[in-house]
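The primary structure of each chain is shown beneath.
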Amino acid sequence: MSADPLVIAGRRFNSRLIIGTGKFADYQQNADALDASGAEIVTVAVRRVNLSNPDEPMLVDYLKPDQVTYLPNTAGCYTGQDAVRTLRLAREAGGWNLVKLEVLSDVHLYPDMAETLSSLKLLVADGFDVMVYCTDDPVYCQKLQDAGAAAIMPLAAPIGSGLGLLNPTNIQLVRQAVNVPVLVDAGLGTASEAAAAMELGCDGIIANTAIAGAKDPIRMARAFRHAVIAGREAFLAGRIERKAYAVASSPMTGLID
Amino acid sequence: MHLIINGEDHDDLPEGLSVAGLLAHFGWPERKIAVERNREVVPKSAYAKTVLANHDQLEIIHFIGGG
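Line order of the protein sequences matches chains W and S. Take the first sequence: its position 47, counting from 1, is numbered 47 in the numbering used here, and each next residue is one higher. Take the second sequence: its position 12, counting from 1, is numbered 12 in the numbering used here, and each next residue is one higher.
Rather than coming from a laboratory, the hints here were simulated on the basis of the structure. Treat the hints loosely; a few may be bogus.
Said to hold, decoys possible - Partial pick of chain W residues on the chain S-facing surface, computed with a CB cut under 7 Å:
1) Gly20
2) Asp26
3) Val44
4) Asn53
5) Pro57
6) Leu59
7) Leu173
A virtual CB, placed ideally from N, CA and C, is assigned to each residue, including glycine.
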C-alpha cells in the first residue's frame with residue numbers, strides 16, 4: 001500500500017485516478033486502458049438488459065468486479081427517487097454501496113444542485129457512501145459535505161467538453177471549504193490539466209472522454225496515470241513563490257576571467 | 001402469464017414462474033444482473049422462492065459503460 005493513499009469512506013486506494021467506462025471502442029479497449037491507467041476504480045452505468053440477447057458482451061466479463069472497484073453512477077436520473085431506485089439495484093447486482101451521485105439538468109448537463117442535495121440525503125439515509133458530482137460552488141459543496149457526502153467531485157468544465165480546468169480558483173476554494181476528498185470530475189481534455197488540478201491540492205481525478213476519445217486511448221490512459229502522480233507529488237513538494245523578477249540559479253561568484 | 005419486463009409486455013410466459021425460473025427462461029446469468037419487482041429490489045438470495053404474479057412489473061438491469 002502506498003504511503004499516500006486516497007481514502008474514501010474508509011476504503012484505501014493507491015491510485016488517485018478514476019476512469020470511466022463509456023465511449024470506448026469496445027470493452028477490451030476499456031480493459032486495456034484501465035490497465036495502462038493504473039486506476040483501481042471505474043465508473044459504470046446501470047441500464048436495462050437486452051432480454052433477447054443474453055449472450056451479448058458484458059462489462060463484468062472484461063472489467064472484473066473482483067479486480068477493480070465498480071462505482072455505479074446515476075446518469076439519466078433526474079430526481080432523488082430515481083437515483084435511489086437505480087443505486088439500490090446496483091447494490092444488489094454487485095454488493096457495493098460506494099456510489100457516484102449525479103443528478104443533471106438539461107442545461108449542458110450541468111449538475112442540478114438542489115436535486116443533487118436532496119438525493120444525497122435519501123442515499124445517505126439508505127446506507128450508501130456517496131461520491132457527489134457537483135458544481136464548483138464552495139458553499140453548495142459544504143452543504144453536500146454536511147449532508148454526509150463521502151467525496152466532493154466538482155466539474156472542471158461541462159461533461160465531455162474537454163475544455164479543461166476552467167475555474168482553478170473555485171476548485172481551490174472548494175478544496176479549502178471541505179474536509180472530505182475532492183476529486184475533479186468531468187471536462188478535462190488532456191493530461192496536463194489533470195496534473196494542474198492535482199497541484200491545486202485535489203485528492204483525485206475522474207476522466208472518461210479525455211481518455212476514451214483520444215486517438216490512442218491506451219496511451220492517454222498512461223499519460224493521465226503519470227499526470228495525476230506528477231501533480232500530487234508537486235502539490236506535496238510545494239511550489240515556489242511566483243516573483244516578478246529574475247533570480248539567478250547559477251552562482252555569480254568564481255567566474256573565469 | 002403476463003409480465004411487464006423492462007417496459008415491454010410478455011404474454012406467453014409459463015404460470016407460476018419464480019424470479020430464478022424467469023431468468024433461466026431467458027438465459028440470463030443471475031450473478032451479472034439485478035431484479036426489481038413492482039419497484040422493490042429482489043435479493044439474489046430470494047430468486048428461487050419469489051414466485052411471480054400475473055401482471056407483475058419487473059426491471060432487470062446490468063452494468064454498462066458510463067462516466
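Do the hints match the structure? See the list:
{"no.": "1", "hint": "Gly20", "result": "holds (4 Å)"}
{"no.": "2", "hint": "Asp26", "result": "violated (9 Å)"}
{"no.": "3", "hint": "Val44", "result": "holds (4 Å)"}
{"no.": "4", "hint": "Asn53", "result": "violated (9 Å)"}
{"no.": "5", "hint": "Pro57", "result": "violated (10 Å)"}
{"no.": "6", "hint": "Leu59", "result": "holds (5 Å)"}
{"no.": "7", "hint": "Leu173", "result": "violated (25 Å)"}
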